[in-house]
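S.K.: Sequence:
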Amino acid sequence: MNRIRSRSWLPATLTLLSLLEAPPAYAAEPGVLIDLTRHPIGYLALLIFFIAYGFVAVEKATHMRKSKPVMLAAGIIWALLGIVYAARGESAALEAAAKHVILDYGELMLFLIVAITYVNTMRERRVFDALRSTLVSRNLTYRQLFWLVAALAFVFGPIIDNLTTALVLGAVVVAVGVGSYQFIVMGCIIVVVAANAGGVFSPFGDITSLMVWQKGKLQFLEFFNLFLPSLVNVLVPAVFMHFGVPKGAPQPVSETTRLKSGGAVVIALFLATITTAVLFKSVIGLPPAMGMMLGLGYLQMYAYILQTIGRRRGDETIAFDSFRIMRHVEWDTLLFFFGIIFAVGGLGVAGYLALASNYLYGDMGPTTANIAIGVLGAAFDNIPLMFAVLSMNPDMSSGQWMLVTLSTGVGGSLVSIGSAAGIVLMGIVRNHYTFMNHLRWSWAIALGYVASILTHLHVNAAYM
Numbered sequence: 013m014n015r016i017r018s019r020s021w022l023p024a025t026l027t028l029l030s031l032l033e034a035p036p037a038y039a040a041e042p043g044v045l046i047d048l049t050r051h052p053i054g055y056l057a058l059l060i061f062f063i064a065y066g067f068v069a070v071e072k073a074t075h076m077r078k079s080k081p082v083m084l085a086a087g088i089i090w091a092l093l094g095i096v097y098a099a100r101g102e103s104a105a106l107e108a109a110a111k112h113v114i115l116d117y118g119e120l121m122l123f124l125i126v127a128i129t130y131v132n133t134m135r136e137r138r139v140f141d142a143l144r145s146t147l148v149s150r151n152l153t154y155r156q157l158f159w160l161v162a163a164l165a166f167v168f169g170p171i172i173d174n175l176t177t178a179l180v181l182g183a184v185v186v187a188v189g190v191g192s193y194q195f196i197v198m199g200c201i202i203v204v205v206a207a208n209a210g211g212v213f214s215p216f217g218d219i220t221s222l223m224v225w226q227k228g229k230l231q232f233l234e235f236f237n238l239f240l241p242s243l244v245n246v247l248v249p250a251v252f253m254h255f256g257v258p259k260g261a262p263q264p265v266s267e268t269t270r271l272k273s274g275g276a277v278v279i280a281l282f283l284a285t286i287t288t289a290v291l292f293k294s295v296i297g298l299p300p301a302m303g304m305m306l307g308l309g310y311l312q313m314y315a316y317i318l319q320t321i322g323r324r325r326g327d328e329t330i331a332f333d334s335f336r337i338m339r340h341v342e343w344d345t346l347l348f349f350f351g352i353i354f355a356v357g358g359l360g361v362a363g364y365l366a367l368a369s370n371y372l373y374g375d376m377g378p379t380t381a382n383i384a385i386g387v388l389g390a391a392f393d394n395i396p397l398m399f400a401v402l403s404m405n406p407d408m409s410s411g412q413w414m415l416v417t418l419s420t421g422v423g424g425s426l427v428s429i430g431s432a433a434g435i436v437l438m439g440i441v442r443n444h445y446t447f448m449n450h451l452r453w454s455w456a457i458a459l460g461y462v463a464s465i466l467t468h469l470h471v472n473a474a475y476m
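So the number in our numbering is just where the residue sits in the sequence shown, counting from 1, plus 12.
Keep in mind the hints are simulated off the structure, nothing from the lab. Please read these numbers as outputs of a predicted model, since none were measured by experiment.
Each computed DSS-like pair below joins lysine-lysine, with the alpha-carbon atoms no more than 30 Å apart:
1. 293 / 111
2. 80 / 111
3. 229 / 111
4. 111 / 227
5. 293 / 229
6. 293 / 227
Put together the whole structure using the sequences plus the hints.
M.R.: What follows is the structure in structure tokens.
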């Protein structure tokens with residue numbers, strides 16, 4: 013009897029919460045998501061998201077890791093959704109939506125863990141110190157180095173994807189810019205801008221580009237029509253930012269830094285891992301994350317080989333412990349991804365992403381809508397917005413699909429948390445590359461965004 017009484021609150025609570033349900037016009041059919049865009053729970057979820065977003069924006073002032081507020085927000089948002097769905101007896105539909113988000117995050121997390129582990133291993137093998145030594149020995153100024161890393165990021169973006177490019181070149185910027193706070197800030201910002209722009213004109217360069225290609229909206233070669241607009245997107249802000257880079261040069265290095273044993277092999281294994289991920293996707297149709305995990309196996313086996321050699325020679329400096337290196341994975345970044353993806357995913361389940369897309373394409377027209385989607389992507393993450401666009405499947409020309417691919421890809425550069433590249437660098441270069449430091453140059457990046465759109469509308473007019 014006491015056990016029954018102790019649980020009697022559950023039906024009563026669900027009945028009370030059912031009074032807060034959406035009007036009948038917005039009720040869901042069995043197994044279909046419920047529209048909560050005019051529901052008190054929906055409004056509360058939006059408020060929670062924006063409060064968490066505000067804490068991320070002032071991370072430097074509060075000294076609160078960015079992952080903490082968004083994780084809390086994501087959990088509360090989905091708990092609120094769960095209460096409403098339980099009250100309606102539609103928990104199965106919400107569970108299916110949650111599993112879809114888990115799948116998206118799981119693939120991204122595995123990809124990131126492997127990429128960050130490789131970057132940390134290359135750092136331990138002094139790869140970036142050796143690169144810094146090489147660059148500094150050429151007597152390049154900070155401004156010349158600024159343009160060099162911008163060019164490298166733009167070239168590597170479509171090859172090894174914008175996220176990995178930001179990881180690698182962000183580490184290079186920090187290594188080269190030791191002692192110059194301003195150069196590291198400016199270098200990280202241009203790396204994010206250039207990596208995102210470079211990722212646009214390749215189906216493998218950005219997640220949103222990959223989504224468009226997978227859906228068959230653009231053919232493989234059609235992406236290369238976006239090369240010139242992407243280049244303009246980098247050049248315009250870089251010209252303005254050039255004057256914000258310090259005029260001096262890095263301190264000369266007295267000694268030439270050499271790679272530790274196996275450093276060159278680790279680089280080769282990293283390239284092999286990226287190639288494996290691309291082949292898994294393009295040739296055998298498996299998720300790229302599986303190819304990355306196979307690449308982690310390459311690294312693990314090589315670490316074992318070095319450990320064996322080191323024990324035989326009695327030289328501990330030869331080997332490295334791959335599991336110890338994996339402990340230094342930037343969990344703040346990974347958990348931030350969890351919070352953002354699940355929080356935005358929750359808003360999508362509530363119906364807000366679809367509502368925004370319907371308004372844009374229904375009332376504004378495809379050109380205006382596709383441009384606006386890129387701006388919205390900077391604030392709400394471009395991946396779920398692109399998913400919403402693809403789900404709506406508006407009847408658009410290839411030129412319009414190129415436009416939305418361009419806008420979502422480069423629009424994420426407007427703020428630091430608008431793209432995977434920016435989010436990762438915020439975690440790795442925490443004390444230099446921050447939300448506010450990036451925001452100070454958003455006006456120049458916005459000019460590049462507008463210029464790239466105008467360039468596309470001109471050079472690809474025949475496709476519109």
